[in-house]
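Work the whole structure out from these sequences, hints included.
Here full-length UniProt numbering is used: the first residue of the sequence shown is 1, the next is one more, and so on.
It is possible that part of the hints are untrue.
[Unchecked claim] Calculated lysine-lysine pairs in the DSBU-like style (CA-CA distance at most 30 Å, straight line):
| id | residue 1 | residue 2 |
| --- | --- | --- |
| 1 | LYS29 | LYS114 |
| 2 | LYS58 | LYS109 |
| 3 | LYS114 | LYS32 |
| 4 | LYS76 | LYS58 |
| 5 | LYS9 | LYS84 |
| 6 | LYS84 | LYS31 |
| 7 | LYS109 | LYS5 |
| 8 | LYS109 | LYS84 |
| 9 | LYS138 | LYS109 |
| 10 | LYS9 | LYS114 |
| 11 | LYS40 | LYS142 |
Hints listed in this document are in silico derivations from the structure and should not be mistaken for laboratory results.
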Amino acid sequence: MNMLKVGDKVPDFSAKDQDGNTINLSDYKGKKLVVFFYPKANTPGCTAEACNLRDNYKELQDQGFELLGVSADSEKKQSNFRDKYEFPFPLLADEDHTVINTFGVWGPKKFMGKEYDGIHRTTFVIDGDGVVENVIEKVKTKDHAAQILA
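As C-alpha cells, this is what we get:
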C-alpha cells in the first residue's frame, strides 16, 4: 500500500458517481476537497461516518469544503445508500479501484482474526491546487466532521 501523504500532489482521476455522472478531480480546482474512503455502503461504521458528515455538511461547506465519498460499491449500491440517508454529496462507485489505487488505500486488513485485502477507512483533505493538506487515518466514525474541521 503506497498511500498519498501530506504535500503530495493528487494525480487527476475520474470516476462515476451514484447516478452515473463522471466526476473528475479537476472539477474541484480552486476548492478545498475532502475525499473520504469507506469500506462498504450501508454497513454500521460507514453509515455512522457518512451520516456525521451529512449532519455537519453546512458547517463543512461554510469552511469551504466540498465532499466526495468513495468505496468499491456499484452505482446502484451507492445510489441506494445516498437515497436512504439523504446525503448531499456525491458517492463514487469505484468498482475498478481507479481512485482507491490513486490514493493508495487498498491493502491488507484484519477483522476478527481474518486477514484480507480491502479499503482502509481514510480521509484526505486536498487544497485548491490538488495537494494533500491532511490525511486522517484514525477516523472517528461518529465524530468525523470535527476531525476535518480541527
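Original post:
Against the structure shown, which of the earlier numbered hints fail to hold, in ascending order?
Top reply: 1, 2, 3, 5 and 10
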